Amino acid sequence: MDLNEDGNPDILSGSYSRSGQDMAGLFQVLWGKGEGQFIEAQALNGTDDKPLIISVASEDDRVKKICTRPWAVDWDHDGDLDLLVGNFKGTFYLFEGEGKGKFKPESEVVMTEDGAELQIDGAHSDPMTVDWDGDGDLDVLSGTSKGGVQWAENTAGPDKVPSLKGFVSLIEGKGYPAMGALLSEEDLDGPSNSSRVWATDYNEDGKLDLLVGDNVTLTSPADGLSHDEFEKALKKWKKDIENLGEYPSSAGEKELQKWQKQMTQLYQSRGDILNEQRTGYVWLFLRK
Amino acid sequence: MKAGIVCSLLALTGASVAVEFEDPVRLKADTGPIRVESPGYASPSFADINGDGKKELLVGQFSRGNIWVYPQEPDGSFVSGAKLMVNGTTAEVPGVW
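Protein sequences, first through last, are from chains A and B. Note that our numbering has the first sequence beginning at -9, numbered continuously upward. Note that our numbering has the second sequence beginning at 57, numbered continuously upward.
Quick caveat, the hints were computed from the structure, so don't treat them as lab data. All values reported here derive from a predicted model rather than from experimental measurement. There could be a bad hint or two in this list.
[As the list claims (entries may be wrong)] Under 7 Å between C-beta atoms, here's a sample of chain A residues computed to sit facing chain B:
#1 G(-3)
#2 S3
#3 Y6
#4 G10
#5 Q11
#6 L16
#7 W21
#8 K23
#9 G26
#10 L160
#11 R186
#12 L201
#13 F275
#14 L276
We treat Cβ as the ideally placed atom computed from N, Cα and C, and that holds for glycine.
Please put together the full structure from these sequences, using the hints given.
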């Protein structure tokens, strides 16, 4: 998207969190120079020349400031681009644009037409606006930590500030596989968890299709283990986890440290049983 | 394999409609499935970033905040991807790790 209106596409990204200060995901932009060339990523500043950060009422809401995901759109139809952004919590905020890539420093939470906070099912909201239902206004699509794709219908009509229903599921997520479940690339038949969404008429048939990025852990028995040895070792590992029990939150400091040490050792020891390869793919859903 | 899937629009509030999609397919480049480096988290976008009239597939990843760019052939297939470069070095988005 051409954020600063110079005729060159720019690349806009969120981030998990800055480091060295209180946690807050900044918005990063790679300004386009044309012909596919960009400059280094830099934090997107507000009109106060400070990095844009989602505004929250208290530090108890700090998860709403991290794992950000921006989308530039003229939300209020005043002729300039605003920023609709997602976060770890799964809610959405709006930074009002003032033209040419400038935004007001304060953000406002996005609400549904029923007066509730717009929120996905799951965490890690991932907004994209598009006229999904073809009624002339921009709806909101989002990925989610649970995988799948969710849609919030805009009922305002063309050229009006969006009025959104709550999210519904367009594509159900597969979620996370059980610990130790074997999974090869050939087993995959759709996106797993932590989906990221892009709508486009991919095959140019006049209907919007979906590109869905995901996160998945491919899992196989550790090298040198037979199937039986793997099953036996996994069973023992799960039993050890079960025996360790839940985090003893009401225990004393020494007891807590002992539990944490044992859990860390157990968690790390799964490498003796499993080969795990974390990756992510891009899936295409062509609309019929 | 099913010929297609019907994805229910199960409203979190109860209402439901339906949208039909073909079975999902993994996008591929000439070197195999398009995938990102560990620990994953592929984030796609599809846009013409170099002004040649064809859209490129951009895929962001968690590791170092790198962005993969996959150009399209005239037939719509993707050729091998490469990490986006800026000023001769690999582009990184800070704070993604």
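Against chain B, is A:L160 within 7 Å by beta-carbon distance?
-> Result: holds, 6 Å to nearest chain B Cβ.
Is the hint on A:S3 kept, meaning its closest Cβ partner in chain B is under 7 Å away?
-> A:S3 check passes; min Cβ-Cβ to chain B is 5 Å, inside 7 Å.
Given A:G26 as an interface hint, is the shortest Cβ-Cβ distance to chain B below 7 Å?
-> Check passed: Cβ of A:G26 comes within 3 Å of chain B, closer than 7 Å.
Classify the hint on A:Y6 as holds or violated, based on whether any CB of chain B lies nearer than 7 Å to its CB.
-> holds (6 Å)
Given hint A:W21 near chain B, where the shortest CB pair must fall under 7 Å | violated (10 Å)
Can A:G10 be said to touch chain B, with a Cβ gap under 7 Å?
-> Given a least distance of 11 Å, the restraint on A:G10 is violated.
Could you check if A:R186 really has its C-beta closer than 7 Å to a C-beta on chain B?
-> Hint on A:R186: holds, closest Cβ of chain B at ~4 Å, below 7 Å.
Per the CB criterion, is A:G(-3) less than 7 Å away from chain B?
-> violated (9 Å)
Using 7 Å as the Cβ threshold, decide whether A:Q11 counts as touching chain B.
-> violated (11 Å)
Hint status (Cβ of A:L16 to nearest Cβ of chain B, threshold 7 Å) = holds (6 Å)
Does the CB of A:F275 sit less than 7 Å away from some CB of chain B?
-> With Cβ-Cβ at 4 Å, under 7 Å, it holds.
Would you settle whether the hint for A:L276 is holds or violated, based on the nearest Cβ-Cβ distance to chain B being less than 7 Å?
-> Nearest chain B Cβ about 4 Å off; hint holds.
Checked against the numbered hints above, the structure violates hints 1, 4, 5, 7 and 8; every other hint is satisfied.
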